[in-house]
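Engineer: The residues making up each chain are set out below.
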Amino acid sequence: MPLVERTLVYASIALVGVMFVAFYRAVVGPTPADRIVAINVIGTKAVLIMTMISFAYDQKFFLDVSLVYTLISFLATLGLAKYLEKGSLG
Amino acid sequence: MRDILVLIFLCGGIFFFTVGAIGLIRLPDVFTRIHATTKCDTLGAGLILVGLVIHEGFTAPSLKVVMVLLFLWLTNPAASHLLARAVYRSGEVPVETIDLIIQRPGGGAEHG
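In order, the protein sequence lines correspond to chains E and L. With my numbering applied, the first sequence covers 182 to 271. With my numbering applied, the second sequence covers 11 to 122.
Some clues are possibly wrong.
[Stated by the list, open to error] Taking lysine-lysine pairs in the DSBU-like style, the calculated list, with each CA pair at most 30 Å apart, reads:
| hint | chain 1 | residue 1 | chain 2 | residue 2 |
| --- | --- | --- | --- | --- |
| 1 | E | Lys267 | L | Lys49 |
| 2 | L | Lys74 | E | Lys267 |
| 3 | L | Lys74 | E | Lys241 |
| 4 | E | Lys241 | L | Lys49 |
[Claimed, not checked] The following label-pair restraints were derived from C-beta to C-beta distances:
| hint | chain 1 | residue 1 | chain 2 | residue 2 | range |
| --- | --- | --- | --- | --- | --- |
| 5 | L | Tyr98 | E | Ile234 | 24 to 30 Å |
| 6 | E | Lys263 | L | Arg12 | 26 to 32 Å |
| 7 | E | Pro183 | L | Ser100 | 47 to 53 Å |
These are calculated hints, taken from the structure and not from any lab test. Note that the Cβ used here is the ideal one computed from N, Cα and C, for glycine as well.
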């Protein structure tokens, strides 16, 4: 495996470690907003991991998955913020 | 030469993601946590995806990566702004303001 691809795999492993740090905040976060922030961070990191894995193993259809996952993560954060503000989703 | 540039961009992205996660753990308040993670995540994602675009060159997958990058840069600050506004309107008070008011020696609550 060439140098950049191997570094992409190592960077993905490092991002999974950072993701566990954010997962700690999502588990023990005192308020619901803390958990929403942590889930947003985890979603962004998941998009980056998918993109890097698609380049490391030359599976370019993962890029479509990461594009759709960005959209879904944004909509989830939007809905949760509206629920936090108004108390309902109506 | 191009590989070295890509590696520098990747290490910068990982660094900023790590700084954002440390801010998410260490800072005392919801607002400060949003403040730390949003900017660090946006910059780190930008650095990593620009590094991937440099590595790939001008192809169709690189165009998809640019689309992911533009979408992240549009949605990540908007989502954090909406979240911070929702937290603020649901009655949460930022912790720094309370500390400033309490530590004022004369007892006055004017802003410093």
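Engineer: Against each hint, give a clear statement of whether it holds in the structure.
Structural biologist: Here's how the hints hold up against the structure:
A C-alpha spacing of about 26 Å is found between Lys267(E) and Lys49(L), which places the hinted pair at or below 30 Å, so the restraint holds. At roughly 36 Å between alpha-carbon atoms, Lys74(L) and Lys267(E) are farther apart than 30 Å, so this suggested pair is violated. A threshold of 30 Å between alpha carbons decides the hint, and for Lys74(L) with Lys241(E) the separation of about 10 Å falls inside it, so the pair holds. A hinted pair counts as satisfied when its Cα atoms are at most 30 Å apart, and Lys241(E) with Lys49(L) qualifies at roughly 28 Å.
Distance hint check: the CB atoms of Tyr98(L) and Ile234(E) are about 37 Å apart, inconsistent with the given range 24 to 30 Å. The hinted window of 26 to 32 Å between Lys263(E) and Arg12(L) is violated, with their beta carbons roughly 44 Å apart. The hint said 47 to 53 Å for the Cβ distance between Pro183(E) and Ser100(L), and at roughly 50 Å that hint holds.
Of the numbered hints listed earlier, those contradicted by the structure are 2, 5 and 6.
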